[in-house]
Amino acid sequence: MPIVTFDTSVFIAYKAALALLPASFRMSAVVIQELTAGAADKSEVQFWNASLLFHEKAGTLLVPTGEDWWLAGKVLNSLLRGLKSKAKGKTPKLHPDEISRIVRDVLIARTARRAGALLVTNNIKHFAQIKPFCNVRIISGKEFFSH
957 MPIVTFDTSV FIAYKAALAL LPASFRMSAV VIQELTAGAA DKSEVQFWNA
1007 SLLFHEKAGT LLVPTGEDWW LAGKVLNSLL RGLKSKAKGK TPKLHPDEIS
1057 RIVRDVLIAR TARRAGALLV TNNIKHFAQI KPFCNVRIIS GKEFFSH
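Note that the numbering used here has the sequence shown beginning at 957, numbered continuously upward.
To be clear, the hints were calculated from the coordinates, so they are not data collected in a lab.
Zero decoy hints are in this set.
Quick list of in silico lysine-lysine cross-link-like pairs, BS3-like style, CA-CA up to 27 angstroms:
#1 K1030 to K1087
#2 K1081 to K1098
#3 K1013 to K998
#4 K1098 to K971
#5 K971 to K1013
#6 K1087 to K1098
#7 K998 to K971
#8 K971 to K1081
#9 K1030 to K1081
Label-pair restraints from in silico Cβ distances:
#10 S999 to L1036: 35 to 43 angstroms
#11 A1084 to K998: 32 to 40 angstroms
#12 W1025 to A972: 30 to 38 angstroms
#13 S1007 to G1072: 18 to 26 angstroms
#14 G1022 to H1103: 32 to 40 angstroms
#15 A1084 to W1026: 17 to 25 angstroms
#16 L976 to E1054: 30 to 38 angstroms
#17 K971 to L1009: 15 to 23 angstroms
#18 W1025 to T992: 16 to 24 angstroms
Backbone N, C-alpha and C fix where the C-beta goes; we use that ideal spot for every residue, glycine too.
Turn these sequences into a full structure, and let the hints guide you.
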């Protein structure tokens, strides 16, 4: 099985299916941040902290580098200005209200691409906006879990 990582949407939609993660799974530090921010209570915050520590120790944590942050800025600039990508024509301009969401998605995509990981997401539309600028491999949660 290829290296695989999950977007936050997959953790939310497929909680029961995540009891046994594939051996090739890599955890995104950005996803842990999003899941911790949305935690329902202190025990869930502690769970995500334990997950962070586990993946750090195991060497399976995907953490954005300085270059990932810079490239995220470049992608956001292109999306905000509606610029052309190398792979496709002009992109529709991104609404400024979407910046905080998409910056995290770009960082998830960049770290997945750098790791050579397949990114599993239920937000195909969001990552399709990013894909022309960051050629990350994506698959829907529905498709991934139906195999």
